[in-house]
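The chain contents come next:
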Amino acid sequence: MNWQVIKAIVRRDLLAVSRSKGTLLPLILVPLIFMFLLPAGLGYFTPALSDMPGANMPDMAQFLDLLPREAMAEFETYSTDQLMIVFMLVYMLAPMFLIIPLMVATVIASDSFAGEKERKTLEALIYTPTTDMELFTGKLLSAWVPALVVSLVGFVLYGLTTNIAAWPTMGQIFFPNITWIVLVFWVAPATAAVGLGATVIVSSKANSAQDANQIAALVVLPIVALVIAQATGVMYFGTLITLILGVVFWVIAGVLLWIGVRTFRRSEIIARY
Amino acid sequence: MDKSPVIATQGLTRQFGDITAVDHLDLEVYPGEVLGFLGHNGSGKTTTVRLLNGVLTPTAGTAAVLGLDPTTAGAELRRRTGVLTETPSVDERLTAYENLSIYAELYSMPKDQIDHRVGELLTQFQLADRADDRVSGYSKGMKQRLALARAILHSPELLFLDEPTSGLDPVTTRMVHTLIRDLSGKNGRTVFLCTHNLDEAQRLCDRVAVLEFGRMVALGTPNELARNLWQGLRLELETSLEHVNATVKILRELTGARDIAQAEAQPVVTLSLSKRDLVPQLVNKLVETGIPLYRLTPQEPTLEDVYFALHEKEEAKV
Numbered sequence: 001m002n003w004q005v006i007k008a009i010v011r012r013d014l015l016a017v018s019r020s021k022g023t024l025l026p027l028i029l030v031p032l033i034f035m036f037l038l039p040a041g042l043g044y045f046t047p048a049l050s051d052m053p054g055a056n057m058p059d060m061a062q063f064l065d066l067l068p069r070e071a072m073a074e075f076e077t078y079s080t081d082q083l084m085i086v087f088m089l090v091y092m093l094a095p096m097f098l099i100i101p102l103m104v105a106t107v108i109a110s111d112s113f114a115g116e117k118e119r120k121t122l123e124a125l126i127y128t129p130t131t132d133m134e135l136f137t138g139k140l141l142s143a144w145v146p147a148l149v150v151s152l153v154g155f156v157l158y159g160l161t162t163n164i165a166a167w168p169t170m171g172q173i174f175f176p177n178i179t180w181i182v183l184v185f186w187v188a189p190a191t192a193a194v195g196l197g198a199t200v201i202v203s204s205k206a207n208s209a210q211d212a213n214q215i216a217a218l219v220v221l222p223i224v225a226l227v228i229a230q231a232t233g234v235m236y237f238g239t240l241i242t243l244i245l246g247v248v249f250w251v252i253a254g255v256l257l258w259i260g261v262r263t264f265r266r267s268e269i270i271a272r273y
Numbered sequence: 274m275d276k277s278p279v280i281a282t283q284g285l286t287r288q289f290g291d292i293t294a295v296d297h298l299d300l301e302v303y304p305g306e307v308l309g310f311l312g313h314n315g316s317g318k319t320t321t322v323r324l325l326n327g328v329l330t331p332t333a334g335t336a337a338v339l340g341l342d343p344t345t346a347g348a349e350l351r352r353r354t355g356v357l358t359e360t361p362s363v364d365e366r367l368t369a370y371e372n373l374s375i376y377a378e379l380y381s382m383p384k385d386q387i388d389h390r391v392g393e394l395l396t397q398f399q400l401a402d403r404a405d406d407r408v409s410g411y412s413k414g415m416k417q418r419l420a421l422a423r424a425i426l427h428s429p430e431l432l433f434l435d436e437p438t439s440g441l442d443p444v445t446t447r448m449v450h451t452l453i454r455d456l457s458g459k460n461g462r463t464v465f466l467c468t469h470n471l472d473e474a475q476r477l478c479d480r481v482a483v484l485e486f487g488r489m490v491a492l493g494t495p496n497e498l499a500r501n502l503w504q505g506l507r508l509e510l511e512t513s514l515e516h517v518n519a520t521v522k523i524l525r526e527l528t529g530a531r532d533i534a535q536a537e538a539q540p541v542v543t544l545s546l547s548k549r550d551l552v553p554q555l556v557n558k559l560v561e562t563g564i565p566l567y568r569l570t571p572q573e574p575t576l577e578d579v580y581f582a583l584h585e586k587e588e589a590k591v
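If you read the sequences in order, they're chains W and S.
Quick note: this note's numbering has the first sequence finishing at residue 273, numbered continuously throughout.
Quick note: this note's numbering has the second sequence finishing at residue 591, numbered continuously throughout.
Rather than coming from a laboratory, the hints here were simulated on the basis of the structure.
Some residues of chain W that are not near chain S, with every Cβ distance over 10 angstroms (derived):
1) V30
2) L157
3) G171
4) W186
5) D211
6) R262
Listed next, the in silico EDC-like pairs over lysine to aspartate or glutamate satisfying Cα-Cα at most 20 angstroms (straight line):
7) K558(S) - E526(S)
8) K7(W) - E378(S)
9) K120(W) - E359(S)
Stretch by stretch, here's where chain S covers chain W in the computed footprint (C-beta under 8 angstroms, at least three residues):
10) 1-10
11) 15-28
12) 109-121
13) 126-135
Model, not experiment: these values are computed from the prediction.
Every residue, glycine too, gets a C-beta built ideally from N, C-alpha and C.
Please build the complete structure, drawing on both the sequences and the hints.
As C-alpha cells, this is what we get:
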C-alpha cells in the first residue's frame, strides 16, 4: 500500500469536512455537551440536588450490591454527596462517552462515502491510480483518526471538568479510574470502528450523506442500552466488563468492515454511478 | 498505420442486466491520434471509457491500453491515462490549488515538482487569480477548466475527454479545442474524445467512431465516412433577395430536405437532401413556382449529415 496516497486521501477528506458547517457543527457541539456542560453541571449541582426536599435519587443500594469488593472499599471512604458525584460522573456517564467516537466516525464516514457520491466527486477519485484498498483505507482513516482524537480531547476535557467542578465536594482528584482508561483506549476505538463499518455498508446503498448518517446512527442503540443497564443497576460498568465489551465491539467492527470492504470495489461503485 | 495501437479492443462487451451498454467493440487507436467517439446520450461512450481505464470490468472481450490489460493492471494503467469525466467532479469545498495539489499526490508526483506544476496549470487555465478561492464560487466554465487541468496534471500519454465543452461559453470552448490540438499535435499525446458535438468532432478529430446502442456502426476519417456512408447531398442555392423567403418555405415542405439555412442578407440558402434523387424534384418545384434559380452548388457533406443518416438507419432497424 502506498501511504503517501492514503495520506493524500485523508487530507482531502478532512479538508472537505472542516469546510462543511453541517458536518462540523455536530462534531463540536455533541462533545461539548457530553464532555463539558453535562459533567460541569452534574459535578457542581449533584450535592444540591440530593439536598432538595422530595428529590428522587437513584437506588444506590441496588447499584452498590453489584460493585466488586475493591470498588466497595473505595466507596466506603466517600460521604453521601461524594458518592453521588462518583456514581454520576464516573459510572453513569461512562457508557455515554462512547457516543462521541461513534458519532464522529459516522458523521465523517457518511460525508466521505455517501456524501462524495452525492457531490459527484467520487468518479474523479476512482480514475486515479489508487488501488481499491488504498481508497478504502484512506477513507476509513479519515473518519477513524478524528474519532479517536475527538474522543481523547473529550476525555481530557471531561477529566478536567469533573475534577474542577466537583472539587468543592470531593476535595481530591477522583477521575479517571482504570475503567475509564480501558474505555478510552480500548473500547472507544472499537466503537468508532463499529460506526465506520455500519456507515460504509449503509453508504453503498444510500444516495446522500444525510440518509447514510440517519441509518448508520441506529448503531447508537446498543450504547443507549448500556446507559440504561447501568442506570437501572442491571449491569456494573467495571473494568472486566469494559474489557469484554471492547472485545465484542472489535469483533462486530471486524465483521462489518469485512462486509464493507467487499462492497467497496470501484467497479461496483462506478456501475451504480 | 504502422505504429502499434495505444488502444486495441476485441469484442469488448459490457452488460448491465438485460442492457448491453457496449456491444462487441473492435477498435484500434494509434499514438498521437485524436479519435472522436460519437454517440447520443446512453450510447455507451462513458461505459467504454470506464472499461478502457479498468474501473469497470467487461462482461466479454478483451482490451489492451498502452500495452496493459485494464482488468489486471488498472492502477498502473491509470497512472498513464488522464480522464475528464462528464461532470467536472471537482471538490467544491476545496480551493483550485488544493484540488490540483492533492491529485498530484494521488498520482505520486515528486513533492518538489508539485507546486511548480500546479502553478503552471493554474496560469495556463487562467485560474491563478482565484487559486486560493473555494471552487464552490467558480462559474461552470472555471470548474470545467479546473477539471481539465487536473486531467492533464500528470502529463498522461493517453487522455480521455468526456464531453469536454458541454455547456461552455465560446471562449472557453475555443481554449479547450486549442488544448486538444496542442496535446495531439505538439506533444504527441493520444486523445479519446467522447462527444455529441459533431462540429467539434469534425474540426478536431483525425478519425471518428460512431456508436449506436452500444455498437460501433462506423469508423473512419470524417471525409471517408461522408463519402462512404452518406447517400444524400448538401447543396447551396442562389436565388433573388425578394424570393428567398418563398424559397425557404418551399424547401421546408419538401420531404427529405433538412438543415435549411438562409445566409444573412444574401439570397443564398443551404440545405441537405437525404437522397440525390431529390434534386430534380427540388428544381422542378422551384421553377414551377416561378422562383429564379441562379446557382445550385453541391457542398462537402458534414459529419452531422453522416451522423444523422447513420442514426436514422439504426433507428429503422430497431
